[in-house]
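Student: Use these hints to put chains W and Z onto chain E, whose structure you have.
Chains as they are written, first to last, in our numbering: chain E, 1 to 291; chain W, 1 to 259; chain Z, 1 to 272.
These are computed hints drawn from the structure, not numbers from a lab.
Cβ atoms here follow ideal geometry from the backbone N, Cα and C, with glycine treated the same way.
A portion of the hints provided could be inaccurate.
Claimed, not checked - Here are the computed lysine to any residue pairs in the SDA-like style, where the Cα-Cα straight-line distance is at most 25 Å:
1. 146(W) - 135(Z)
2. 42(E) - 244(Z)
3. 146(W) - 141(Z)
4. 146(W) - 133(W)
5. 146(W) - 13(Z)
Stated by the list, open to error - A short list of chain W residues far from chain E (calculated; beta carbon distances all over 12 Å):
6. 87
7. 94
8. 96
9. 175
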Amino acid sequence: MIQLADVSYAYPDSGRFVLEHVDLRIEPGTITGVVGASGAGKTTLAKILSGFIPHVDGGQLSGSVVIGGRDLSGLPLAACVSQVGLVIQNPFNQISGARYTVRGELAFGMENLGTPRDEMANRVAEVAGLLRITDLLDRSPYELSGGQQQLVAIASMLVLRTPVLVMDEPTSQLDPAGTRMVFGVLSRLRGTGTTIVVFEHKPELLHAHADRLHVLAGRRIAASGSPGEILSDPRTDQWGVSATRYTRAARLAREQGLVPAEAPLPVSFEQAAAFFGWSARTRPPSPEDAR
Amino acid sequence: MTQAQFVGTGSPVHRLNPVTKLVALLSILVIVFALPQWWVSAIVVVGVLLPAAVIARCGGPLIAVGGRILLPIVVVLVLVQGLTFPGGRTMVWQWGVLSVTSEGLLFALNVGARIVCLVLASVLLVLTTHPGDLMSALTEAGMSPKFSYIISSTLQLIPAFRSRADAILLAQQARGLAVPRNPLRRIGVMMPLLGPLVLGMFTDVEERGTAMEARGFGSTARRTALEAIPDSTAQRVARWVMPLVAVAAVVVPLVWEVL
Amino acid sequence: MSDQAPLDTRRSRTRLLVAAGAVIVVATYAYLVVAQPAGMADSGTTRAGLIAMAGYVIGAVLIAAGSIHQLPTTTIAMIPVAIAVNIVVGQLVAVLGLPVYLDSIGTVLVSVLAGPAAGVVTGILANVIWGLTLNPIPLPFAVVQVVIAVLAGTAARIGVFRRVYLPPVAGLVTGVAAAVVSAPISAFVFGGATGGGTGAIVGAFQAMGQSLLASTTLQGLLSDPLDKLITFTVVGILLAALPSRFLQRFPFAREHRVVTTAPLAPPPSPSE
Chain E
1 MIQLADVSYA
11 YPDSGRFVLE
21 HVDLRIEPGT
31 ITGVVGASGA
41 GKTTLAKILS
51 GFIPHVDGGQ
61 LSGSVVIGGR
71 DLSGLPLAAC
81 VSQVGLVIQN
91 PFNQISGARY
101 TVRGELAFGM
111 ENLGTPRDEM
121 ANRVAEVAGL
131 LRITDLLDRS
141 PYELSGGQQQ
151 LVAIASMLVL
161 RTPVLVMDEP
171 TSQLDPAGTR
181 MVFGVLSRLR
191 GTGTTIVVFE
201 HKPELLHAHA
211 DRLHVLAGRR
221 IAASGSPGEI
231 LSDPRTDQWG
241 VSATRYTRAA
251 RLAREQGLVP
261 AEAPLPVSFE
271 QAAAFFGWSA
281 RTRPPSPEDA
291 R
Chain W
1 MTQAQFVGTG
11 SPVHRLNPVT
21 KLVALLSILV
31 IVFALPQWWV
41 SAIVVVGVLL
51 PAAVIARCGG
61 PLIAVGGRIL
71 LPIVVVLVLV
81 QGLTFPGGRT
91 MVWQWGVLSV
101 TSEGLLFALN
111 VGARIVCLVL
121 ASVLLVLTTH
131 PGDLMSALTE
141 AGMSPKFSYI
151 ISSTLQLIPA
161 FRSRADAILL
171 AQQARGLAVP
181 RNPLRRIGVM
191 MPLLGPLVLG
201 MFTDVEERGT
211 AMEARGFGST
221 ARRTALEAIP
231 DSTAQRVARW
241 VMPLVAVAAV
251 VVPLVWEVL
Chain Z
1 MSDQAPLDTR
11 RSRTRLLVAA
21 GAVIVVATYA
31 YLVVAQPAGM
41 ADSGTTRAGL
51 IAMAGYVIGA
61 VLIAAGSIHQ
71 LPTTTIAMIP
81 VAIAVNIVVG
91 QLVAVLGLPV
101 YLDSIGTVLV
111 SVLAGPAAGV
121 VTGILANVIW
131 GLTLNPIPLP
141 FAVVQVVIAV
151 LAGTAARIGV
161 FRRVYLPPVA
171 GLVTGVAAAV
181 VSAPISAFVF
191 GGATGGGTGA
201 IVGAFQAMGQ
211 SLLASTTLQG
221 LLSDPLDKLI
231 TFTVVGILLA
241 ALPSRFLQRF
251 PFAREHRVVT
261 TAPLAPPPSP
271 SE
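Here chain E stands alone, though its shape is the one from the complex:
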């Protein structure tokens, strides 16, 4: 479905390559995460996937970017945009400002593309229901919290029914409540058949929702695998990817010989509970034991 082959890219003003020989394959209908340190090139890769590089940013792009069987470099930006939706970090800047209610904002993209009125009304209702923002439809987008605005941004892309949706660090400018809102939505998107690629910094949340993770490090894809495999990999520090708190605790426990060395490191809470042997039957240490 999405296939990048030998993709390299340098921004126009620096001449220094940000990505070199990137190969990536993403199956249709899956939720894929791409993790990496800040500055590793996540935003660059997101723009390449959505066609904004090279159409808007310019620079030197080599290699092939094929989405749904079509090579993006041969398509004008309008066609790229109809294949790949993009959600970016800043929720405020994604509000067009052209409409005064959330309902109008959701319809804005469809109006630009000439979608018939009934179809627009149906899609707005459907997507708002899916993302549970129906009660926000009559409010001004500018009154909403950051998390709510980001949900509106995601909804604005979903109504356009693009086969692929790319999200570039959608929660990095949100508070924890907003972050939970956005990730809460991810699982609901699974049923829509959209291929979703999330570029993220917060691996814990990706673990619960992503089918597969790719690590962007050293200007290429350094590793690919299931979230469990990737996040418990000993190279996470080297990649600049932060392991989950459970993995970190388990590593410390392993270093101090408190657990057998061969036991696979946990990534999620459930795995940690099993790893550390927490259950209703075992009693946590009481204050008397400490003495």
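Tutor: Here is chains W and Z on its own, set in the frame of chain E:
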């Protein structure tokens, strides 16, 4: 300062098609300038604008906003033209060196009546028409949707921009920025405020442009609209009749003069 | 892009609209100045007022309609922000009690970076928005924004902003043009009274024996050149502080080497 002075009261005036109201405003402007007598403006204000304001239940806001704008202008106009009008001969009142002429007062009356009409009609339009509806109606009538985007987007952006400017002002003051008394030096003080404001603007602009493209803004397809703008046959007829009356107001006096 | 024919007709329609608008504006001004209502007969003044408003407004609308077509999405994304800068800075200046307006910084900035067409749209719509939210009085003066945008864009193109001492001169010239173009509206539509202070100054000149049109022109010449001089200087300073990464995104700024004589980074490879 309120953004977009719209006051929503759901009156019949509010429900008129925005283009109808705009055509009415333009027709009034032409009529009031084509027929120079002050009582023409007075008739329009008393016979058309004020009743419309009453029906629209915006009489109070109209007087408040209109008054705020008109008061300094009318006062200055009467004073200036009353005192210094070049063609003034008939002295009406004298106080030492200053003399008020009747020609000057008449000039001020004529010009002032027109300005009052102009301002009240514009304010009434703004009070009874939601900017979003005005933009939709104009787009439907053939205006480029790019204008609609820019106007609506700016209207909604200004409050956010102002709070950002306030925040920068506060931050600079906290750093000890004092406002000097010398006006020229005050201008120099503007730079630390303008710098962050304008430079921060550019990152925003990049991202906003990306978001717009992603929503198909550059599309050449024929645009559709989610909501229909109310209209009626009577209004469609009126939108032809009003400009015709305005044209007549221009042409008839010309013909009269020739005859 | 596959549709070439429509692009060409669009381009010629653009030029036609802009040219028609410009002709109307210039003709209006010429008529008003040449056929000045000699006496102060009211019909003369109001007819002049009607012609001034009609000519300038129709001209401005045509120019705006023509200019908007060619503008790409990335430029259009900049305009609301530039207008917000116009309005917020203009109000900040009023609050600080400065003796100038400084309400065209956004217009000049856009003209310099994206060309006069973009600046024209910025200026006219800034006027419209001011009318919708604050005060309808500036609305008939929309055409002055056209003049400012065109002069600023031209100045940028000939390299005015490459030297530190040239922007103030360009600002001065623009201010003179702005004062001259706006004088007929101020005189024939508002009788010289667009505000408290300006009205008083007009009255002073009239008392000295000047005609109404001459008085408004002189009043404008007292304030506009200084205001635009400062505006252009401020824009010059802002441009110098702008990182080249931003400048590089504007084809107009890059092609005409608006800020430095050294060519900026190689233009992006076209990919359509």
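Student: Hint by hint, say whether it matches the structure.
Tutor: A quick look at each hint next to the structure:
{"no.": "1", "hint": "146(W) - 135(Z)", "verdict": "holds (24 Å)"}
{"no.": "2", "hint": "42(E) - 244(Z)", "verdict": "holds (23 Å)"}
{"no.": "3", "hint": "146(W) - 141(Z)", "verdict": "holds (22 Å)"}
{"no.": "4", "hint": "146(W) - 133(W)", "verdict": "holds (15 Å)"}
{"no.": "5", "hint": "146(W) - 13(Z)", "verdict": "holds (17 Å)"}
{"no.": "6", "hint": "87", "verdict": "holds (51 Å)"}
{"no.": "7", "hint": "94", "verdict": "holds (57 Å)"}
{"no.": "8", "hint": "96", "verdict": "holds (57 Å)"}
{"no.": "9", "hint": "175", "verdict": "holds (25 Å)"}
Consistency with the previously given hints is maintained throughout, with no hint failing.
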